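Since the structure of chain A is provided, determine the placement of chain B on it from the hints.
Order-wise, the sequence lines are chains A and B. Going from the first sequence to the working numbering is simple: count from 1 and add 16. Going from the second sequence to the working numbering is simple: count from 1 and add 16.
Treat the hints as calculated values from the structure; they're not laboratory data. Computed from a prediction, not measured in an experiment: that's the story for all the values here.
When chains are identical, the list treats them as one kind, so a pair holds in a single copy or across two.
Below 20 Å or equal to it, Euclidean Cα-Cα: the simulated DMTMM-like pairs (lysine to aspartate or glutamate) are:
| no. | residue 1 | residue 2 |
| --- | --- | --- |
| 1 | K408 | E174 |
| 2 | K189 | E200 |
| 3 | K87 | E26 |
| 4 | K150 | E173 |
| 5 | K186 | E173 |
There are 2 protein chains.
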Amino acid sequence: MADYREMWKELGMDVETHDQLCEVLPMAFTDVYLSQKNRPENMGYFDFVVSEIHGVRPAELVKAQKENGTKVFGTFCVYVPDEVIFAAGGIATGLCGGSQFWVPGGEKVLPTNTCPLIKASVGARLDGTCPFFKIADMYVGETTCDGKKKAWEILGEEVPMHIMDLPQMKRRKDYKAWSEEIVEFKEKVEEFTGNKVTEENLAASIKMINDKRRALERLYSARKNKNIPISGKDSLLISQIAFYDDPTRFTEMTNKICDELDKRVEEGVSVFESGTKRILLAGTPLAIPNWKIHNIVETSGGAVVCEEMCTGTRYFERPVDETQTTLEGQIDALAERYMGINCACFTPNNARIDDIIRLCKEYDVDGVIDVNLKFCNLYDTEGFLVERELKKAGIPVLGIETDYTDSDVQQLRTRVGAFIEMLDR
Amino acid sequence: MADYREMWKELGMDVETHDQLCEVLPMAFTDVYLSQKNRPENMGYFDFVVSEIHGVRPAELVKAQKENGTKVFGTFCVYVPDEVIFAAGGIATGLCGGSQFWVPGGEKVLPTNTCPLIKASVGARLDGTCPFFKIADMYVGETTCDGKKKAWEILGEEVPMHIMDLPQMKRRKDYKAWSEEIVEFKEKVEEFTGNKVTEENLAASIKMINDKRRALERLYSARKNKNIPISGKDSLLISQIAFYDDPTRFTEMTNKICDELDKRVEEGVSVFESGTKRILLAGTPLAIPNWKIHNIVETSGGAVVCEEMCTGTRYFERPVDETQTTLEGQIDALAERYMGINCACFTPNNARIDDIIRLCKEYDVDGVIDVNLKFCNLYDTEGFLVERELKKAGIPVLGIETDYTDSDVQQLRTRVGAFIEMLDR
Numbered sequence: 017m018a019d020y021r022e023m024w025k026e027l028g029m030d031v032e033t034h035d036q037l038c039e040v041l042p043m044a045f046t047d048v049y050l051s052q053k054n055r056p057e058n059m060g061y062f063d064f065v066v067s068e069i070h071g072v073r074p075a076e077l078v079k080a081q082k083e084n085g086t087k088v089f090g091t092f093c094v095y096v097p098d099e100v101i102f103a104a105g106g107i108a109t110g111l112c113g114g115s116q117f118w119v120p121g122g123e124k125v126l127p128t129n130t131c132p133l134i135k136a137s138v139g140a141r142l143d144g145t146c147p148f149f150k151i152a153d154m155y156v157g158e159t160t161c162d163g164k165k166k167a168w169e170i171l172g173e174e175v176p177m178h179i180m181d182l183p184q185m186k187r188r189k190d191y192k193a194w195s196e197e198i199v200e201f202k203e204k205v206e207e208f209t210g211n212k213v214t215e216e217n218l219a220a221s222i223k224m225i226n227d228k229r230r231a232l233e234r235l236y237s238a239r240k241n242k243n244i245p246i247s248g249k250d251s252l253l254i255s256q257i258a259f260y261d262d263p264t265r266f267t268e269m270t271n272k273i274c275d276e277l278d279k280r281v282e283e284g285v286s287v288f289e290s291g292t293k294r295i296l297l298a299g300t301p302l303a304i305p306n307w308k309i310h311n312i313v314e315t316s317g318g319a320v321v322c323e324e325m326c327t328g329t330r331y332f333e334r335p336v337d338e339t340q341t342t343l344e345g346q347i348d349a350l351a352e353r354y355m356g357i358n359c360a361c362f363t364p365n366n367a368r369i370d371d372i373i374r375l376c377k378e379y380d381v382d383g384v385i386d387v388n389l390k391f392c393n394l395y396d397t398e399g400f401l402v403e404r405e406l407k408k409a410g411i412p413v414l415g416i417e418t419d420y421t422d423s424d425v426q427q428l429r430t431r432v433g434a435f436i437e438m439l440d441r
Numbered sequence: 017m018a019d020y021r022e023m024w025k026e027l028g029m030d031v032e033t034h035d036q037l038c039e040v041l042p043m044a045f046t047d048v049y050l051s052q053k054n055r056p057e058n059m060g061y062f063d064f065v066v067s068e069i070h071g072v073r074p075a076e077l078v079k080a081q082k083e084n085g086t087k088v089f090g091t092f093c094v095y096v097p098d099e100v101i102f103a104a105g106g107i108a109t110g111l112c113g114g115s116q117f118w119v120p121g122g123e124k125v126l127p128t129n130t131c132p133l134i135k136a137s138v139g140a141r142l143d144g145t146c147p148f149f150k151i152a153d154m155y156v157g158e159t160t161c162d163g164k165k166k167a168w169e170i171l172g173e174e175v176p177m178h179i180m181d182l183p184q185m186k187r188r189k190d191y192k193a194w195s196e197e198i199v200e201f202k203e204k205v206e207e208f209t210g211n212k213v214t215e216e217n218l219a220a221s222i223k224m225i226n227d228k229r230r231a232l233e234r235l236y237s238a239r240k241n242k243n244i245p246i247s248g249k250d251s252l253l254i255s256q257i258a259f260y261d262d263p264t265r266f267t268e269m270t271n272k273i274c275d276e277l278d279k280r281v282e283e284g285v286s287v288f289e290s291g292t293k294r295i296l297l298a299g300t301p302l303a304i305p306n307w308k309i310h311n312i313v314e315t316s317g318g319a320v321v322c323e324e325m326c327t328g329t330r331y332f333e334r335p336v337d338e339t340q341t342t343l344e345g346q347i348d349a350l351a352e353r354y355m356g357i358n359c360a361c362f363t364p365n366n367a368r369i370d371d372i373i374r375l376c377k378e379y380d381v382d383g384v385i386d387v388n389l390k391f392c393n394l395y396d397t398e399g400f401l402v403e404r405e406l407k408k409a410g411i412p413v414l415g416i417e418t419d420y421t422d423s424d425v426q427q428l429r430t431r432v433g434a435f436i437e438m439l440d441r
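Chain A on its own, in the form it takes in the complex (with noise of 0.2 Å):
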């Protein structure tokens, strides 16, 4: 890895304590990655971008910063559209919380019982030990749930933060209220950035962000096959980066490992042996480097071949309409295509059980895991009627919680096992 020290110094980090994390991840990624076989040979841009999460792409934000003024957006969720702040010449991005390495950080100010994705979070920006979180000049937080809404509280004492609030609703006037809150959020970044959002411009990143859809909706499309091409675990892996990549060149490296996976399925190339059980996973969202499920099931006899998640087709699934004119027109139809995102932060939000049983037989699956992060009451409230109306509907599904700790893996991995086992029958 190069050696970046110098930058985490600058940007305020607490380079010591981030070194123990630097330590870790490189074996996690090893044991998880790296020994699985047959792998599409594309994903060794991707290995390189996990490899240097916390260098590489933070180097070229801090440079974006350093030569041009560019201002960095900082964004926790799926709901806030990147469209605005690449049209007034902004940069958006994740940030840190997929690990269990942050999450004492969180606790020190949150509630124990808050999700593990908000503790740790707020601990990778506290402890200093996340460069996206020093490096961002503002937080675009939003309402879609009691833990985040009440953390931007925290976060805000720090660093200049809007918040969206999204309904929580989805009848006619929601709808309005959402491009409402988008026409104030890019009034919001004009402000800050000094750029204009132009109909042009707007046009422009809307095609962009769209193309990053279409890339990865082609990725999940592969995933559809008999023989399936790619892990789930890469899959995820794409999925993940997605949120920090430069959003044209992360659109041209999945575009050509999809046509390396394209060849694959003409060649009826399968990274798994003949009956692996097709799994689709449905729930909460997996923030790098959360591989802990997609392990366990890919090494279990099954493969994941959908993440019905955040970090999966609620990201992806259907374009913004590209065929407004004006900038009016332009974000009512990212409205449109937001809230059109089945969260279980809405109520009611039907919709989702249906997207899940389309996707199950898009897909092929075999079987459902719903997996929850502990603390997410609306995801494990959600649950309860989720797993009812897909056993009714002949899934089967499998409800399980979890957290960033490994104490719970050995049992997973046998609950998971006894379920996939369980539809060889």
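Then chain B, alone, in the frame of chain A:
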């Protein structure tokens, strides 16, 4: 107690299971309430109401339904404007949710990591052990927290449910959005009751509910005196009954006890020994029969002089503007009043901290106990900021988390006792 078993059976309740609750409640009430010395005479009314809480008021509601076709609306939250319901000839009532008795029923369908208030409410409905839940023709929910938002989806499978989307922030446009929600609610209530809401009947119901607020304000004012004429427990009981009783009768009876309290103040009568420490409770609501913390405080050398809670100041402070003469003006006035409540569901919610500090002065408070119902992530997270700011303001504060079980009573007694003793120094 009069025999209401026939009514309960007719309501489709599980009378045998309910009998178990009827057996234990009077004992709890006797222990906590009737053991107090020198209670105001006019507590007799409230003692009677609570002794027949599942009988006398439910019987009135059933009578109104049968004889006048009155519609009963069950509500869960202080943001729902009762004024609209009463204006249309409906009756608003609180539901059950304050006892551990109902919790296991809720846990059958909800995550264990849900707050006891929500679990108890859902359990009371599903187990058929609460007459109010069986009587209500419609439930009115809101989007104040993750747990409730998702619980509506389960409750809504049994009973017509109307949900009001409370904004999650307090910008000017959010007041307008809440006004629009009230208009939509009015239309729903009109459709459901068959009665129109007019300027006249809405003015009358605004006055009626304001009178109730003013009576409670009067009750709380009495507690501001050096000689405290009524215990915190008794005041809490009155606050709790406010959610169920006929508003006009409740106002009359509350003013009656206030007359008695005024006399006590004149005569320098206190129900506490001189030197008893004055405690403000802040935090999550205390539904009937949750008297746990008050009982601990008031048997540990403290007097609860104020509750900054939904069962407390958040329920009655600031009457609705009565000078509006158009429906539109009245509804905006309702929106203004209700949006003025400072619940932790908003981000940010700094005004709540200002409220607590103001109340500490008004009620001459020696120390604050910040009470959180277990798994209420909103108040728990906000508690970090509340406690930090109170300490900065030089106000002693103790944060506690509890549920409806008795298992932590001894531990709480030790902590609360030590806190109150510390206030002596």
